[in-house]
Amino acid sequence: MLFNSFHFLVFFPIVCLLYFLIPYKFRYLFLLIASYYFYMCWNPKYALLMFTSTAITYASGLLIEWVDRLEDKKKGEKRKKLFVALSFGSNLGILFFFKYFDFAIESVNKVLGTFHITLLNPSFDVVLPVGISFFTFQALSYTMDVYRKEIYAEKNFGKYALFVSFFPQLVAGPIERSKNLLKQISVKHPFRFENMRSGLLLMIFGYFQKVVVADNIATLVNQVYDNYTQYDGTVLAVATLLFAIQIYCDFGGYSSIAIGAARIMGFNLMENFNAPYLANSVADFWRRWHISLSTWFRDYLYIPLGGNRKGKLRKYMNLLVVFITSGLWHGASWHFVIWGGINGIYQVIGEVMQPVRDKAVEILHIDRKNFSHQLMKIIATFLLINLTWVFFRANSVTDACTIIRNIFTMQNPGTLFDGVLYNLGIERQKFNMVLVSIGILAVIDICKFKNIHLMGKLFKQEIWFRWFVYLCAVFYVLIFGAYGPAFDAGQFIYFQF
Amino acid sequence: MRRKRIFRILSVIIFLVLFVIVYQKVERVLSLKTGSSRIYTFYHEEKKDSLDVVFMGSSHAYYGTHPMEFWKEYGVTSYVLGSPLQNIGTTYYLMKDAIKRQHPKVIAVEGFCTYHVNKVKSDRMLQIAMDGMPLSLNKIQLGEDMLADQFTLEERLPYYIPFLQYHSRWPELDSDDFKNGSNIYKGGKPVFKTRSFPAPPIITEKEELPENTLIYLEKMIKLCKENDIELMFYLTPFAGARDGEEVYIELQKIYNSLEEYLRERGIPCINYASLVDEIELDFSSDFKDIGHLNINGAKKVNIHLFQYLWENYSLEDHRVEKGYTIWNDNIEIYDKKLEDLRNKTAVGKKTEDVDLEEQD
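Chains A and B supply the protein sequences, listed in that same order.
Residue 229 in our numbering is what sits at position 229 of the first sequence, and the numbering runs on without skipping anything.
Residue 729 in our numbering is what sits at position 232 of the second sequence, and the numbering runs on without skipping anything.
These are computed hints drawn from the structure, not numbers from a lab.
Every clue listed holds true.
Dumping the calculated DSS-like pairs for lysine-lysine here, alpha-carbon to alpha-carbon at most 27 angstroms:
no.	chain 1	residue 1	chain 2	residue 2
1	B	545	B	719
2	B	501	A	460
3	A	179	A	78
4	A	188	B	501
5	B	530	A	430
6	B	501	A	457
7	B	676	A	430
Take the sequences, apply the hints, and build the full model.
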């Protein structure tokens, strides 16, 4: 079930109520059942896949710990590695089959096609199970953490299964670490008013991001990107800027709802977005965007590849590998690969150019802490990232290239004054409302960036003011949100990954 | 600690109550008013248990019945609880729900609704009827009965929670959306526009009543009996059918059967198609369109209908009673509004007639 479905709005309060009513001892089992129910609402068969992944990684943890106690340390180390390899191999194998098989066959056929050879026709009609990339990564992190002795293997299968399937973050993150989430499952979480209040507020903020901002923008972006030949460069540029906001709000919104929902039940999930568009470099952007995935790749791919410890060239290679893999993780298609690749290249160029930039700063006597300098960096980063979003959103690589070319060649800023923007699927009032909403979002993100805790400040206000803010927030979402019969409920973009 | 907890629980409850109040206000502002305001004001503006007669039915009921004339002539309070294309199933559930709010002596159903035998001829029109009703078990039963076999739960939800349907209406809001107040016409819809038609043929044949109609008729009869309410039917005349003469003939056949069926069950039914001469109905001046009476025609029907009601049921004249001064005060406003409407129509100005309401 989607977070923005009526189903979830009924499901969640019931689960919360029961959760706090039943004894502590059974709560994890209850949440496990609820989580599987949540997942099976898409397709009951998928649950089998998640269960398999859970069973494999659960066993891998126990086995790794068992061989670790062997007298023969050398043999033990070898077997440990074997179990890690088995766990990774089988899990990634499942992921590959369900997500990349068709893509791989298609790509191979394309290459061979130039030599007039057809390898085989894919006869499987594989449906991508929702959230498979998320729970697979989460489960794999557990195998690795046990191997690295960062945690003890979990003996209780139910608790472990809940760690993999915990419904708030199951299908679209944040991708939790066993170090954080698994141990919380055994902790008693009594009902706390403060948790409920801040959790609900966070959920409302998530719905604001998703239903008000992302879904309203989606109508416009889809209209432009699906018919990009009809629009000139200015409109394409505006649509691309708006897509940057859309994808942030779509994904960030899901994370906010997930973190809020978990908080109500007493769980602390990791932060997933930290004002990403206020980053002052691409590297900084990736420290702020989809943090749970970036750190996953850092911990479980970049560092094992050698990270930055094996020389500059190797570091650049590693960066590229990580980002191309990240692109592939986002979707089985070349435009995602290129999107990841460009992000990697940005960072490599950034590193290579570092001495040049340092020199320039020195010669021009630039104060790096200066507001205008920081602002320029933030804007430059935002624009660079926007360029990559074209590849992310476009339906194919060719489309993306044409769109970028048109953005740079077919500019006619006069279009902005013709009212064309109001005819892109959302009418004038809605367009203006979206702009106001983006403004609100910007203020919230700037506060976050400056470490101003808005929620804490709000809770210190007098009751009339707090209530006024709550009501405004709820009705803002209820009125301006894109949902209901007039609107085709938007799936969260990140579900396809 | 304990005091703090009690305070918190209390504050949550108060907040929720506040939320519900604001929610209802906002929902009403955002809702489409055309069509549904008639039913809405019935529930929210009419004093509880203050009506003697409730008229029900489709547009034939609200174009053809003017309760304020009833008041002026006899001092009887009445209201037209109608909605466009109302079918008999809707009439039944609406009746069941309405009598919780009003306990009239008589319910008079305009029988055109018996023709809409299909569960929902138009789901949009059903929504209009339901929008005016407060959420209740009857409302849900109505929706489920009409829609469950054709629509999924998610598709049915907007019928119970109009917010889902109308929240995106905010760019269209105007000052009328914020207006409250009683329905000065008491549910009637006077129109001065005139179109001329030849007198339609008189049909005497009959056609079997559809099964669904019979089911709901029986339910209505039972409901009124249990609640000690007199039930009667009346059939306003019309000049033809938009869909052609065949439809008109079929309708008249059904009307004839309905009349006969009700007579057998001891329920009065006045078919004005057979009283055209008696009430001196003029097809060249008494219709606003082929299916609906204008105010001239409606008044002719009403003189007869109100007299019938007055003579056959023990209704009381409230004109001098204390609690009814508002009705007397309304006469002046009503007359003025009618006069304005007449003048506007005379100079050819577009009046508040909206397409949706013109539906049968």
